[in-house]
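Enquirer: Protein sequences, first through last, are from chains W and B. In terms of my numbering, the first sequence has 33 at position 25, counting the first letter as 1, and numbering is strictly consecutive. In terms of my numbering, the second sequence has 125 at position 73, counting the first letter as 1, and numbering is strictly consecutive.
Possibly wrong hints are sitting among the right ones.
Taking lysine to any residue pairs in the SDA-like style, the calculated list, with each CA pair at most 20 Å apart, reads [what the hints assert, rightly or not]: (1) W/K38 <-> B/E93; (2) W/K38 <-> B/F122; (3) W/K143 <-> W/P99; (4) W/K42 <-> B/L63; (5) W/K42 <-> B/L78; (6) W/K38 <-> B/L119; (7) W/K38 <-> B/S134; (8) W/K38 <-> B/I120; (9) W/K42 <-> B/L73; (10) W/K42 <-> B/L79; (11) W/K89 <-> W/P123; (12) W/K42 <-> B/A80; (13) W/K42 <-> B/G64; (14) W/K89 <-> W/Q127; (15) W/K42 <-> B/R121; (16) W/K143 <-> W/H125; (17) W/K42 <-> W/F53; (18) W/K42 <-> B/P101; (19) W/K38 <-> B/E127; (20) W/K89 <-> W/F68; (21) W/K38 <-> B/T72; (22) W/K38 <-> B/L63; (23) W/K38 <-> B/L78; (24) W/K38 <-> B/T99; (25) W/K38 <-> B/R62.
Honestly, the hints are just simulated from the structure, not real lab data.
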Amino acid sequence: MNHPAQAPQPPRWKEDFPINWEDDAYITRKEFIKFLGLTSIVFLFGTCLTAGRRWLRESFQRRSPPMSIGHVDEIPVGGYKLFRYPGPDDPCILLRPGPEQFVAFSQLCTHLACPVHYQAETGQLVCPCHEAFFKAEDGTVLAGPPRRPLTRFAVVVRDKQLWIQPVSKVDG
Amino acid sequence: MRTGTGHRERLGTVLHMVMTLTIMILLAQLWLFTVALETVEIQGGSTMPGLATVLCSTVGCAFVWMLIRFFLRTEHHHARRSDHDSV
Chain W
9 MNHPAQAPQP PRWKEDFPIN WEDDAYITRK EFIKFLGLTS IVFLFGTCLT
59 AGRRWLRESF QRRSPPMSIG HVDEIPVGGY KLFRYPGPDD PCILLRPGPE
109 QFVAFSQLCT HLACPVHYQA ETGQLVCPCH EAFFKAEDGT VLAGPPRRPL
159 TRFAVVVRDK QLWIQPVSKV DG
Chain B
53 MRTGTGHRER LGTVLHMVMT LTIMILLAQL WLFTVALETV EIQGGSTMPG
103 LATVLCSTVG CAFVWMLIRF FLRTEHHHAR RSDHDSV
């Protein structure tokens, strides 16, 4: 025997705990403006964090001690040497464009941090990822997408030994 | 003599202005955040731009919360007045 079709009964919990979904999704002006206030705090926090990160990094670089990277005769004129400074994850390149001229840069391209390579014949540092070219004398951008020069380090020669240190130590 | 509707409209306009100002300040704070991000990438530059962005963002945040306080007080006053009018 077939029973007549009945409308499905709502579950018991819905009767006990009725939820009005329309009211639940309703956002008052008060809630919205409080959300804007919290967003403002998040932006402030982000700005502080970003500025603090720069300050921390600079203080770390300022505190990093000079590092010896070898003898002057190890690098021929027009040659280069790779090293890591100030940390083991910071690749750098030391160039010798002239007999008494030494320059050192971070090897990370200021565009997307690909490693740059030295081209002695053109006197340029080249990033092969997006074809960026930097001047080997001072690290300024010659062509390509980067907008900032390469990070430079100071090279000091003491007793025919090459020492790397942050630029600020030499300036100060 | 002020009518209830005119008063409500005036309050509504003030509240809209507060919200517009708050959103404008938030956009300015977002821009300051991008400026701070940009200064992080520049090596060997001055730390002044970073400090300036933090200072401006703090002022903006304080102003936003002042506006929110004003908004809440105005809305509270508006609700009380509506209750009074209805009675």
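Enquirer: Are W/K38 and B/F122 close enough, with their CA atoms no more than 20 Å apart?
Expert: holds, 11 Å
Enquirer: Tell me if the straight-line CA distance from W/K42 to B/L73 falls inside 20 Å.
Expert: holds, 14 Å
Enquirer: Is W/K42 close enough to B/L78, meaning Cα to Cα at most 20 Å?
Expert: With Cα atoms ~13 Å apart, W/K42 and B/L78 stay inside 20 Å; holds.
Enquirer: Are W/K38 and B/L119 close enough, with their CA atoms no more than 20 Å apart?
Expert: Cα-Cα ~12 Å, so holds.
Enquirer: Are the Cα atoms of W/K38 and B/T72 separated by 20 Å or less?
Expert: holds, 14 Å
Enquirer: Does the alpha-carbon distance linking W/K42 and B/G64 stay inside the 20 Å limit?
Expert: holds, 17 Å
Enquirer: Keeping to a limit of 20 Å between CA atoms, is the pair of W/K42 and B/P101 held or broken?
Expert: Distance ~29 Å between W/K42 and B/P101 Cα, so the pair is violated.
Enquirer: Is the straight-line distance between the alpha-carbon of W/K89 and that of W/F68 20 Å or less?
Expert: Status violated; Cα separation ~24 Å.
Enquirer: Compare the distance between the alpha carbons of W/K38 and B/E127 with 20 Å, and conclude whether the hinted pair is satisfied.
Expert: OK: W/K38 and B/E127 at ~9 Å, within 20 Å.
Enquirer: Does B/R62 sit within 20 Å of W/K38, going by the straight-line distance between their CA atoms?
Expert: The hint holds at about 18 Å.
Enquirer: Verify the proposed pairing of W/K42 with W/F53, using a straight-line Cα cut of 20 Å.
Expert: holds, 17 Å
Enquirer: Would you mind confirming whether the straight-line C-alpha gap from W/K143 to W/H125 stays at or under 20 Å?
Expert: With a Cα-Cα distance of about 12 Å, the restraint between W/K143 and W/H125 holds, given a limit of 20 Å.
Hint compliance for this structure: hints 1, 18, 20 and 24 are broken, all remaining hints hold.
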